[in-house]
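4 protein chains.
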Amino acid sequence: MTGELHEACGVVGVVAEEAARLAFFGLFALQHRGQESAGIATLDTGSIHLHKDVGLVSQVFRGENFSTLAGNIAIGHTRYSTTGKSSARNAQPFLIDTQFGPLALGHNGNIANASALRKQLLGRGLGLMTGSDSELLAMMLAGTPGKTWTERIAQAMKFWIGAYSLVLLTREGVFAVRDPWGYRPLAWGRIDSGGWAVASETSALRVMGCSDFEEIPPGTILHFNERDPVECTRVEIDAPHAACSFEYVYFSRPDSVWNGKNIHAVRRRLGELLAEEAPASADLVIPVPDSSIAAAIGYAQRSGIPFGEGLVKNRYIGRTFIEPTKALRRQGVALKFSPLKETLEGARIVLVDDSIVRGTTTAPIVALCRNAGAREVHLRIASPRILHPCYMGVDMGTEHDLIAVGREPEEIAKMVGADSLAYLSIEGLSRAIGIDGVCRACFDGNYHIPVDENFTKNCFEGFGKGTV
Amino acid sequence: MTGELHEACGVVGVVAEEAARLAFFGLFALQHRGQESAGIATLDTGSIHLHKDVGLVSQVFRGENFSTLAGNIAIGHTRYSTTGKSSARNAQPFLIDTQFGPLALGHNGNIANASALRKQLLGRGLGLMTGSDSELLAMMLAGTPGKTWTERIAQAMKFWIGAYSLVLLTREGVFAVRDPWGYRPLAWGRIDSGGWAVASETSALRVMGCSDFEEIPPGTILHFNERDPVECTRVEIDAPHAACSFEYVYFSRPDSVWNGKNIHAVRRRLGELLAEEAPASADLVIPVPDSSIAAAIGYAQRSGIPFGEGLVKNRYIGRTFIEPTKALRRQGVALKFSPLKETLEGARIVLVDDSIVRGTTTAPIVALCRNAGAREVHLRIASPRILHPCYMGVDMGTEHDLIAVGREPEEIAKMVGADSLAYLSIEGLSRAIGIDGVCRACFDGNYHIPVDENFTKNCFEGFGKGTV
Amino acid sequence: MTGELHEACGVVGVVAEEAARLAFFGLFALQHRGQESAGIATLDTGSIHLHKDVGLVSQVFRGENFSTLAGNIAIGHTRYSTTGKSSARNAQPFLIDTQFGPLALGHNGNIANASALRKQLLGRGLGLMTGSDSELLAMMLAGTPGKTWTERIAQAMKFWIGAYSLVLLTREGVFAVRDPWGYRPLAWGRIDSGGWAVASETSALRVMGCSDFEEIPPGTILHFNERDPVECTRVEIDAPHAACSFEYVYFSRPDSVWNGKNIHAVRRRLGELLAEEAPASADLVIPVPDSSIAAAIGYAQRSGIPFGEGLVKNRYIGRTFIEPTKALRRQGVALKFSPLKETLEGARIVLVDDSIVRGTTTAPIVALCRNAGAREVHLRIASPRILHPCYMGVDMGTEHDLIAVGREPEEIAKMVGADSLAYLSIEGLSRAIGIDGVCRACFDGNYHIPVDENFTKNCFEGFGKGTV
Amino acid sequence: MTGELHEACGVVGVVAEEAARLAFFGLFALQHRGQESAGIATLDTGSIHLHKDVGLVSQVFRGENFSTLAGNIAIGHTRYSTTGKSSARNAQPFLIDTQFGPLALGHNGNIANASALRKQLLGRGLGLMTGSDSELLAMMLAGTPGKTWTERIAQAMKFWIGAYSLVLLTREGVFAVRDPWGYRPLAWGRIDSGGWAVASETSALRVMGCSDFEEIPPGTILHFNERDPVECTRVEIDAPHAACSFEYVYFSRPDSVWNGKNIHAVRRRLGELLAEEAPASADLVIPVPDSSIAAAIGYAQRSGIPFGEGLVKNRYIGRTFIEPTKALRRQGVALKFSPLKETLEGARIVLVDDSIVRGTTTAPIVALCRNAGAREVHLRIASPRILHPCYMGVDMGTEHDLIAVGREPEEIAKMVGADSLAYLSIEGLSRAIGIDGVCRACFDGNYHIPVDENFTKNCFEGFGKGTV
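Respectively, the protein sequence lines represent chains A, B, C and D. Going letter by letter, the first sequence gives residues 971 to 1438 in the working numbering. Going letter by letter, the second sequence gives residues 971 to 1438 in the working numbering. Going letter by letter, the third sequence gives residues 971 to 1438 in the working numbering. Going letter by letter, the fourth sequence gives residues 971 to 1438 in the working numbering.
It cannot be assumed that every hint is accurate.
Same chains, same names: a pair is fine if it fits in one copy or spans any two.
[What the hints assert, rightly or not] Quick list of in silico lysine-lysine cross-link-like pairs, DSBU-like style, CA-CA up to 30 Å: (1) 1384 x 1306; (2) 1231 x 1311; (3) 1117 x 1311; (4) 1283 x 1306; (5) 1311 x 1283; (6) 1089 x 1231; (7) 1089 x 1128; (8) 1231 x 1283; (9) 1117 x 1089; (10) 1089 x 1306.
Rather than coming from a laboratory, the hints here were simulated on the basis of the structure.
Kindly generate the complete structure, drawing on both the sequences and the hints.
Pasting the structure below:
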């Protein structure tokens, strides 16, 4: 998947000494989940301090910021990069004052019924400053009755349909909340040197000093602070387990563990099964770096074809808004990848990519390999064909944008200039992930929740009079 | 009044070509009303664009900002300078999305029942991002029923107690609103080259290209846009006229006109009457620059004592957060004022100041004059003794802070080192201003509205069910 | 002189505790001499620290800067505002490493033979990073032989023709240097709480904590540090005394003293003599604020016509790069000055201005007064006609730009719309200043130094072989 | 080589339409050679425009910068990252005015006799603004006689001892200069769409649109502009060829070609020979990412042991100045690398690193692998032991800092916790690189140039009288 596929954010929460600093390093380890903006909020004697801005985590936070981010309780957020101008306004955590005291909130996911909820909130006379889900969730919480934040969160969750892994900061401490479907990861653990941490991925927990960790189960509110024992509240909402399979295919760090499965191991296994399902006669297995390396290793090990490095990725690419010159425009992906002639020249290669969404960069990459002398290019995709858009936060565009819709692999192979093209089967994907309750909607169209513009109608019924 | 007396903000509104640019120059002319932050919002095909930041008007706006501030309808705001860190968060206009479309709002004044309103809003389940009155007013408007913005504003005004001169921007155009008491100025006019403008002071209207202007009467909503005729709606709220006398004494620009009275002329008249009430035998009349120059001229002309320049003010003082050195700390006001030895040496002077609030800078100024050789210093204050705090936005502190509370002029004269000290009488103030319906609460304690922590109780009764 | 007349910079030097902070406040008091950039250099155990940037003194320096500006010895500089983009590159002090150790230099003035010196330096194989005189002076010093900095400075001064008041910082301490003609002011004094200070104007010395001060005589090098007694070295260069009369007319702060004369007193005296030379039958004397107030007071006192305030100046004007709208362009000076109708209406006024250079703003100001109702406008200029350009740093343009060249006062009066116009005579100017050795070149064409493109030819003769 | 080994900079030069934009993309491709600062200078009708600042290439350049960087001729520079504060002052290109017109210069390398040259320049009366080699080189060129820039450069090269790949911009066009030893790479080519480019590495040339390229031979001045044919001047200086072997081991991009050898292929070959020289009995070959991947692939292919991914590198690490918390400090490298338990658990691994300099990060990485369950860790280094410091720009510290000095591999293996440790032999290195004339000074102590503090004495003899 060499295109620009945007998911939605990483979150962390900490109760420990130097909480903001720990949150910083946690966000740093989640930088791959969002490069647009970053923010940290801390609780300090009843008040919440906040610093957030547009930029990478390492750009947003400087030493001086930590002097204002006092306190032993913190949450943090890093936001994904959308097209066009980044907006400081949409940076998270989102902080408001409520009748129950200050509330900061960071969100990873996508609320499927957001626009219906938004209309209802506005209709009740509320003003909204941003178009973000996180303001929506925070505003709803401000208006939800309940004796404790746990009660209020549990009550509000009944109206939230979609993917959400949340961290919240209030005077009661940190809350970590995972949607009943379990779309996005969220794990927590004890910091070896004392305290508690929560983060989108386990690799971030390790960086924050946790040797062990466990997942927050779907439909659960975890609450921790400096005084009380960790409290885990299960919210009874009927929902099938639907862990996003794309976290395994592409989003998560290879060193993270989710649903008991290490991401790297799953990806290697995807490659192994791909080798079984779609063998090729070739001299070398070449990954499209970086996300396809594990699958390529798996393919190589299973097929016995040596693993090789055939494409170099420009590591510092970051975000640049500079338009290429007219002369460069034709070169396309050349800025991102360079072919290694010495490896590719004269070789028959298996080119392994993790996925193809729009397919816009596939043809140029195949061409790069051919121009560098590859004799044959057998494209192998370590996930099934993407045939349906995602409503849970993965920006795949509409069906119209998906290259595999209405096209057989042979046709696509021709389009992108490959000698052959094969995808992993849906069964292969399932076997590689190896757990039940996976959302494969983008592959098989089974969305687990009713995806209908009107399905949220009346969801506010009984939400309480005049509360929002 | 040589101390730091903060009032609250300047506002502008424009319907004309290059509206943002005109708003910029209007704000520029209102810079004296607020140096902390500045902002402009424009309406562009149904959307509202906003740029605001901490800093002087000339710092916040650069050429490139105007390309994003498209549209022929704009409002602007400049905010006063408080102590401590400036916060971008509190910059105005405040912009929200509502069920009636986007709403931007800029506010000059102080809502006396703000904390009660805030509690009620929060209690209804709303979250608030800032501690500012303007968010409060905007949020209330978002939840107020009504067919048009004029209706909604008129309805909400029933719950707003205090000083407010507002500009609002919606898809219907610009609204300018003045509280029923008429505490703060707000005027409007036709731009000679076409279009309409509204501004806190008439001097800003002139800079924006209006040859003629008139005031927006207290308790009035003015509405204008590109299509419709200007619409003026009077809201029936029983309220005595209470124009802030400190606008005449200190806040407004001398070239502005308010309630039909030119500020400079009023100040000169304050000086004339002061000369009648409190003559002095002296060689020169010396103003404390800049705000007391007009009064000193009046004193000089009436008394026949020549006007002289005895103190130089550092014009570029701006805001500096650099702490003086230990050695400089003792010098006090020396950074702000320099004495002119050649003028002061051997002279008996009448030192005219517009007012004394806390009195902290008066003694150092008198000392400056004496050290420069002034033989006698007769302090004359062109307004009465300040004995009561202000609840309408003028930051005078509490009674405890006011030097005149519990002290006779003779005692104050001794404290500040003057040979004599006299204030203008309340009658003198009234005669100089020359209109009825002036708020002199800081002088005479008559607040025109019930100043009571609880007076706003139940003010939300009947505000509509579940609307906010 | 209501146009934009740019002079060149202010300088300070300090030996005292918290030297950088003292330098900051000194620069602050010299802000009127230059608003483009500011910088401070300090000596700290043999190294020189430097912070400089584009902006006002209060913008360039924040609290954190002072932690890096350690040491008890400092110099500072504030630079005048030229048209177009400000350049950080030209900010001063200029710092280089030399064979004699580090050298920082700040310069006020204009080296008349700069382009010849530049050509010679380049011709000797040197590279120059900027187009500024200060780099030139520093580079020449780096290549001048001598045992001490005093010796080297004295030697280099022989080749410098023009106006220069310099501060230098080396491992030997602070050096303050004034050109042999004494074109620009430079004074020094003992800081009451200990230490020494030097500054362009005495008002800055007072702000830096000096009760007494004296001037640095023309052609003198003053040297002070923490150890040694202050050392004053006279450089024997034959040069007539030529104190810039425009410092009296316009540049200096009214509370400064130069050549034993207080600037305010001189300006009042200019007004008195103007009243004697050019009386007018009028009701009010109105100054063009701020620089003409003293002259107007003098005119009023001598003529017996009351002093009045008829024009208000926008104090916050600062620098804005925003172009006015088409509608505003016609209004011209309206942004800078507002007329006070109440004062001007029906009045016959004497409008006092300090000078007229290009005359571009004079007509609009007269028009402002007339439009506000002034019945008669008698323009009185408190300095003689400007007929010759300045080569010593005052940006008066060429003869072609000067309104008085080739025009009699009557003609100019007509051009600017005044009922009458009179200038002070050259004799009046001389009497008011009251000292010998004044440069009046812009009035009388007597330049004191040979103003000739080629006059610097061979000035490098004997400068030492291969030294630069 | 997992430590922080800093080399010195990347350079580009372009003659083509939209030259600045092309230079930008060239620098972008050289970002790995320097992350501290970036700059581009263009020639525009005789003047040189310059923009440079601290930061990554993508941070320093925004769209608006290119409007000021007009012209069809450009050079660019990206600077390496040192510890501590980045300084805008040291950013390149360095631009000066000279007697021969403006000169901009960008430098990659290290002048070994810089301090002697500096002393001589200062001694001749010159002032220097920075401590950089590039100012030194530029200043020397400004003072070197010669009819053309080529002549002057050729003359100055006689005094420059050390590594330098330069780009220069003058009114005559772009000059690319390579030192006679050929320490650092520099190549050029024809841009397919027209024009010429030069760059530190061939991968950058490809990004700039060159299909073919060739190296600039050691001791050569290449000159190109819009008019004339490319001119190649060989400077006769007796110097052995000494291509830095560390460019092959670590610095250069794998997709670059140098001395006819592709970097990736050399690295793979280093791994192959390492497998031959130092076999190990193991289950997996694991690289320390990213620079050791090619060597690990080579080792795997030759040994038949499968290649695996066992360590994940945080790609976004960038530069952060945030100190880790006390709790995190103990975790050491955890922020940079994460172990993949699933790969490592129970495995006997060959851990391949490109080099060990100080060795500070080696022990933590071995520990990471062990803690993740690796049963045996056989460390294999794809280059020889580093026993001598580098004087040509590679920041290896002194002998004291080098872990291999005075220690046998067995001892080092114990120190870092590896079961075994083997280095590639010097012969292996030579065979892998496969060319003559390689500098292996850090391995074998043969420096090719006299490394002696005094060796530059008198090098200025005959440099011309009074020229510098």
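What are the numbers of the hints the structure violates, in ascending order?
3, 6 and 10
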